[in-house]
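Undergrad: This is what each chain is made of:
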Amino acid sequence: MNGKVKKAMAFLMAGILAAGSLAGCSSTGGESTTAGTQAAGSASEGTAGGEAGDYPNQAITGVSTFSTSSGTFSDAVKICGIAEQYLGGSITVTDHAGGSGAVGTDFVYNSKPDGYTLLCGTDSVSLFGVMELSDITYDDFMPIILAYGKVFYLVGNKDSKYNCMQDLIDDAKANPGRVTVAITGAGSVPAVWFSLLSKHFDVQFNIVQYEGNGDAMTALMGGHVDAFITNTQQSLSYVESGDIKPITLLFDNEIPQLKGTEKLSEAYPELAQYSGFGNFFQISVHKDTPQAVIDKLTDAFMQAYNTPEFQQYIKDNGHSALGLTGAEAITYEKRHQSIASYIMYDVGATEVNPADLGIERISE
Amino acid sequence: MIEHLMILFFEPSLLLYLTGGMIFGMYAGAIPGISVTMAASLIISFTFSWSPMPAIAAILGTHIGGVYGGSRSAILLNVPGTPASIATTFDGYPLARRGEAAHALTTTAVQSVVGGIIGALLLLLAAPLLTKFALLFAARDYFFLSLLGIFLLSGMTGKSYSKGMFCGFLGMFLGSVGMDQMTAVKRFTFGSIELTSGLAAVAVCFGMFGIAESLNQVSDPENVKVRKQKLDRMKVNWKETAKHLPLTIRCSLIGGIIGALPGTGGNIASIVAYNYAKKNVKNPEVPFGEGAIEGLVAPESSNNAAVGGAYVPMLALGIPGDNTSAILISALYIHGVTPGTTLLTNSPDMYYLIIACILIGNIILLPVSLSGIKIFAKIAEVPKEVLLPLIVVLCVVGGYAINKSEFDVFVVLIAGFFGYLFKRHDFPVGSIILGLILSSLIELNLRRALNAAFLSIPELFLQILTSPLSLILFLAIVLLTVYQIPAVKRGMANRKAKKARD
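Residue numbers (the numbering used here), protein chains in the order written: chain A, 1 to 364; chain B, 1001 to 1502.
Looking at chain B on its own, in the form it has when it is part of the complex:
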């Protein structure tokens, strides 16, 4: 095993491909408009004529770099470069506004590296165990888990839980537009062929975050002023890293496990981790949502750990854990390697190359991710009258690039207009995006769960009660909801206050 893992050092050229892909992925991920999946598919067509190993190394580099890169625009522009960095905006952007962009970027880099390494170790050591765990998940469990994602996000962003839930459900409604995969019935398409394939989540994301944020800032003259960035805090603060290490490890484990579930990845993982941090970190130096470092540690370590997790089902079963590992699977097919349960026996070199790339790649990520922070931090100092139009352009171009269709450009602009209105009235747009992304996972799994219970509700509850996993997830949702009832919330607060007095 060890000699297989050392393959990268016997073939140093592979390290170059890995690093090259990583740098490409990082900058692609940092540009709102190019998602990690898009960057990886570009690399596929680019590497078609290469031999398999360099091509695979380059794609894995792109994946690792891209997931990290998404945090850069989240922190600097309040526009998540990828859906997995939605939670990074909560505390990252406030930090940048306080002039601490460099500090935020450095922390993010270190946390991504540590999280990524923990994810890779999980992949190396616990893949068979994690795979067994993932197979336990029945349709009803996927339903509960993804619903939990929406409940959690709604509970922790914005000022009002009801507004958050409203946004989550609005997102799910938007996600139901298009052809129903189960019955081929067209829903809310109004005869448009473009709407048949649904609203592109990325397009809505660019609109709701990018365009809406630009409009929001323009309409508020106070905001047009930029803050001078402190560039002295660029060095890695190891003391701070060590202080947060327990949180990093726990959030990385959350990321690795959620990442290993097929279909769920960094987007849910980072939100669950953020929520975990918010509930468990007792006295952050700065409150969450106003620039807490812990609020960066949690999502960034977990979403990079989810990368390693995503390759667990891919290596063990040939089933992709997320969209980018799906692309790697098609790359393997193109290069004549059959992924699946026999990958380890038929091509052990490829199997360990993938693990080695993820492990070593996350170590190389440290110098790569620390590069260019000074220049990037300067972005936060670019005058807003230059920066905001640029964001608008990037969002429009990015919207077009998704499917090379003008239709998506209109989706971006319309989403931008509504996103602006939502922002003005404190509706958290992140919940809309998450609802939109998770809507099909939630809906299809609910329908699957009902089908598996022979369309009988009592049978469904019987199945929930007899499965420990389902029961835990179900109770989590029930408790979360009960806790948010105003009367219960007041009661809890009173009891707490009473306890404090005693």
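Extracted from the complex, chain A is given alone in its bound form:
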């Protein structure tokens, strides 16, 4: 064989194979399962009728809207791993990260509403509207279980001169724009809280943004920022070891490790309506999913939620247990959406008026 023929052959084979793989991708795009999972399920032609009698008869995919290294992914693996025992079918958790959760949410919304694709997501949907991330709203999904909320509190590093919220505010008043606080992203819980505080107390913080809780914590411990708002899941161990100093608890929950820490709603009753604003984790499905399937899923996930194993998981992480479903879960979502959207709008972080999106301001 001479060089030219070889060259042509190589080109041809590459072309055919590349085209083949592309075609393969398109036909399987809708039903992603991770390669290593045993029961990949046979086809997308499941029986998605009104009957749930034989549901589930194929593998279910749980889609985490954040990457495999996120808390969301671990939470999803945890609860789905327990729920599959009650459901009698396997649930594989995969991740579709990106766009602050919009990519994965969009993926589930565009999948068949047959209960075989679950959205394992967070409150990120709250800000899709005002942040113009996606047209999808909470109304497009039916919550199966809103499992828990993350509990947030204000922290300083171990040598912090702040002992209560007032110290921070006084310092910020005395040195306008010179008190440096960390946030973890546009529209993140710390960002919303600091916006709220600077608006309410009429102070200016110097805001520095970090990629995630870990980065912000490193900066706090290294003395590069003065204060941060973090959640208990990723930080209680630092409190125990004395590496950070809790200043104000922004929730009404009793956290043993934070005993004696000032509570926002007690120090500032006028801010009590915002108390408890944080992230939550929930499993939901497309709103057009047959009711019988929704019932079956709700039942299985509720049982999983109530197992001692999952309750212990919630407790270990210092979360606030919620266990809401149906109408209660929807009310919770809407309240969160309203607080987050209006704060972003009021501080000028977005020009989209939440009222134009039909989001009501919660009563003062």
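If you are wondering where the hints come from, they were derived from the structure by calculation, not from laboratory data. Glycine is no exception: its CB is placed at the ideal position from the N, C-alpha and C atoms. Treat the hints loosely; a few may be bogus.
As the list claims (entries may be wrong) - Computed footprint of chain A on chain B; a stretch qualifies when at least three of its residues, placed anywhere within it, have a C-beta under 8 Å from a C-beta of chain A:
| id | stretch |
| --- | --- |
| 1 | 1132 to 1146 |
| 2 | 1314 to 1327 |
| 3 | 1339 to 1353 |
| 4 | 1447 to 1453 |
Said to hold, decoys possible - Computed beta-carbon distance windows for the label pairs:
| id | chain 1 | residue 1 | chain 2 | residue 2 | range |
| --- | --- | --- | --- | --- | --- |
| 5 | B | Phe1169 | A | Gln303 | 53 to 59 Å |
| 6 | B | Glu1406 | A | Asp316 | 38 to 44 Å |
| 7 | A | Arg178 | B | Arg1187 | 26 to 32 Å |
Chain B: place on chain A using the hints.
TA: The following block gives chain B in isolation, referenced to the frame of chain A:
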């Protein structure tokens, strides 16, 4: 402490899980298309129902094996299996083309093992010290360090510094596509939801290296011929290892320290180490870039040492040093262990299990990594008309596997087309990939640094001048740039020549 470290020997089954994970990781890392992070997340869902210790051992095995495995495709196919092995292609691939693939693979295995052990010892003995050092790094220091990575890479690859810098900045530009994390503004997304999350660096990497290299070789008939591989140099050459040991130790220390900085890892470490070797090794047998053994020693020892380094902040603070240690953190959460400052007091067995796995794992890596070299070296003998299409397929499939999205497949193919053009005109594509990977680290830290300086440039310079660490990093960048100015370069060369004459 010692009895805790011996846990692996009291529970021999853990050794099996560790080795199993390592073999899986090594082959996954060797396949361009499966990154170490992907392999580790597969293991997570696979080990969910296991008890914590075997699961952790398996994940750590995957990490250690995967970082080593990335070098195999770098040497044999000129496609780095993981971003940390970009620098391995510089001398590894030329070696394989000269018929010395087996020698290159063996050297890599030994260097990875030695580097990995040094990294593990750093973790065991110097973790508190390294953690204090890592906490010193302010946003401006991360900015300088990652920028330094790009400057260094541009200075040492390709024929022209300007072409290298062009590629580095092009990479940074590509990295700015997507939603800005700070303001949620969408940049260069043209209304596409897929672009909102940015271009996947791995997809661009497969395209620029895998597809482009295949096209490049196909278009050059001379290249289609394969070289018979010398298989007699498969035995470990201890004399050579001993000769390079001083370099290995220094590069491993570089790797361990850079690995300990959260967010930076093997990718920057291997480039800094390669540059260090290039500047400091006086008379390599073969020039760097043409198959110098020293050019394999440096990146391979440092990127495996970075594995140990990555677990320094993870064990001390519960903060991941890189993506794979981030996965281990979520595995700990799933198994009910809370990582963080209290890990040592609350679950000392888990704390020492992690250290023991990394230490012992790197020793087990020797036999594991020396396995299959003969078969792997044969890959370099596979006729190109069979091998090249296979690479293309692997890259396409790998691109799809990142996010299970067809969009990334198009990214791979488009990057492949442009990568081919770049290669034809001697633009180093490695700089593009590094720029893309480091772009958010560079940009966000610059913005953070400016914020921390209250948006005032004089204040920023004041902060740089008053911090020794920042000053050193800043001066390094300035000197590097000044040295590359043609007039200065000529002047230096003249002085050197004059000195030689005298």
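Undergrad: Against this structure, judge whether each hint is valid.
TA: The hints, checked one at a time:
1. 1132 to 1146: holds (count 6)
2. 1314 to 1327: holds (count 7)
3. 1339 to 1353: holds (count 7)
4. 1447 to 1453: holds (count 4)
5. Phe1169/B - Gln303/A: 53 to 59 Å: With a Cβ separation near 55 Å, Phe1169/B and Gln303/A satisfy 53 to 59 Å, so the hint holds.
6. Glu1406/B - Asp316/A: 38 to 44 Å: Hint holds: Cβ distance 40 Å, inside 38 to 44 Å.
7. Arg178/A - Arg1187/B: 26 to 32 Å: For Arg1187/B against Arg178/A, whose Cβ atoms are near 30 Å apart, the range 26 to 32 Å holds.
Violated hints: none; the structure is consistent with every hint.
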